[in-house]
Amino acid sequence: MSDKITPPEQREVKKLRLQNMSAAERACVRRRDAAEKIWKFFRFVILCGLGFVILYPLIYMISCTFRERNDMNDPTVMWIPRNLTLDVLRETIESMDFWGALKTTLFLNIGCSLVQVISCAVTGYGFARFDFKGRKLLFGVVIMMILVPTQVISLPLYTQFRYFGIGSLKVNLIDSMLTMYLPALTANGIRSGLMILIFRQFFKGLPRELEDAAYIDGCGPFMTFIRVMVPNAASSFLTVFLFSVVWYWNDYYISSTFFTNTRTIATMLQNLDSELKMRIFNDPKVQISGREQIVWRQAGCLISIAPVLLMYVFLQKHFTEGIERSGLVT
Amino acid sequence: MSGNKTQKKAHDVSEEKRSAAAEKNGRRPLRLSYAKRKELYGYGFISLWMIGTLMFFLIPLGKSLWYSFNEVRIEPGRSVTEWAGLSKYDYAFNQDPKFTLALEATLLETLWKTPLILIFSLFIAVVLNQKFRGRALARAIFFLPVIIVTGPVFRVISGDINTTGNMGADQFSTMFSTDLVGELMQFLGIYGLSENMGEIISTVADNIFGIVWSSGIQILLFLAALQNIPPSAKEAAQIEGATSWEYFWKITFPYVSPFILANLIFTVIDSFTSPMNSVMERILEMKSEWNFGEASAMAWIYFLIVLAAIGVVSAVVNKFIYYEVD
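Protein chains in written order, with numbering that gives the first Met the number 0: chain A, 0 to 329; chain B, 0 to 325.
Derived by calculation from the structure, the hints in this document are not laboratory data. A couple of the hints might just be wrong.
As the list claims (entries may be wrong) - One side only, chain A facing chain B, incomplete, derived with CB under 10 Å: (1) 39; (2) 45; (3) 50; (4) 131; (5) 188; (6) 195; (7) 303; (8) 308; (9) 311.
Cβ atoms here follow ideal geometry from the backbone N, Cα and C, with glycine treated the same way.
Given these sequences and hints, build the entire structure.
Have a look at this one:
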């Protein structure tokens, strides 16, 4: 068959083939075609239904953000607001101190993720390609890092950071960004166990010949890592980095444990209710019912996921394709 | 060793490789076997992590274990511990009003939710692996939960959906103003079925929201596995005239089976460590009431159970996995 067959030609070919078949064969082909059509229909229904389940909260968020609070009590308003307004959005941005929090969060997120990706890659490479005593035991510790929830160690960690240092030389690190940067720098940040595992699997999957060639050329292990392995791992670096940004962005447990003044988007969202109570809800001049408060809460959600959502829309390919190429597959 | 390194840096790698190597061999101050040297480099690569793990993981972990056997008081400047033996564990099991209940609820929920999530995500992955128009969009939508589900927004989402009375099956029901599950069962003529069965079905329907939202990563991994099935296997199946049902069980399933284990472990860990489950909530509650000893004991009981569960599950599942021999 030629390379390019247009749909009408395809139909011709099919017809010709059908003519050459016996009745039983024709029936079989027809049955198969019918089954395929039914399946196509079902697939469409299933995907649409489940897609709706996923998108429902997002659509609801958008719909709530731009409506006036009275619309919550109007039973005819399901999705499209009757009274469009930007006031709710403005008030939420103000009470979350959105722009300030965004700056802090970005500084924290991108910095920590960058540092953590590098440290985890180095560690993962060490585990993937070098034989040393106690490797299995140490790798067991990595697995432990994945299994132990942060909540278990958060209290001792708090005291650790509160009185950080050796002997009498103690510093209080609580509220400084070092509480995030130090663990990230030493491959112990958020979900770093998983990241080390991913990198280890990935580097294990690369052919050994790559390094052997570099060694023969007189390249030391560290330079080999930088010059040969890292360029090969570029796409998986990007994927892990993106996931790391998302995990840091979504973290509120660690940041609310170690920060009392530093404000990230996630902690601001946690505190949105009390902040709103102070600013708007407690105003005796206006009565706002619990149902009406949802408008502000949804607006808060929308603006706090908007940046990652944007990132996802533009870099979606790297989120999904990178996983396929990164080590988890092998 | 350090002399070695500087020398290596001084020479451009691409130039005079051989002579550099020879020179190096002649002047090396420290004679170590190749294997020994590589071992040292290995430690070098993981040294940063070792320091960090000691400081930010192992010591805190040990401390929390220590706290679980102690009465902990925070005094200005330091925390004071007083040996209390197993009393904290005794408290968690026998006296705490909520802990055992929460533990039971969480374990049960994980037990029935995990298989559902796995089956669902495998199914969706198979569907998303087929060719159809709008596939890229469908994939983008199904992976979307990955970026939201770990964050506080998800809490608000699930919380608010509760407060407005729309969740899972109800969500659709309110749209069509009918009791969808009930209607369907009546339509199928399922009246006399035991109450339990009906209850199970409606719980599942109610939880479809949670299941869809927590299977993003699983779908991603399964999809990656599906794309790794060698085309030769596909061709062979086609030539032999396998139906798509047979193809699924004889080709797809064996190839993705290692990922079932990976996904299983991932799902179990995810649901156990989620700050939204009731055990975690109880532990955090105890912590905020400054009962650190009790909180640590609970955390350790919980952690050991999780560890045991994962161990048993992976041992069992491992027996049924098909590994391709290279």
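Hint check results:
no.: 1; hint: 39; verdict: holds (7 Å)
no.: 2; hint: 45; verdict: holds (7 Å)
no.: 3; hint: 50; verdict: holds (5 Å)
no.: 4; hint: 131; verdict: holds (4 Å)
no.: 5; hint: 188; verdict: holds (9 Å)
no.: 6; hint: 195; verdict: holds (7 Å)
no.: 7; hint: 303; verdict: holds (6 Å)
no.: 8; hint: 308; verdict: holds (7 Å)
no.: 9; hint: 311; verdict: holds (5 Å)
Of the numbered hints listed earlier, not one is contradicted by the structure.
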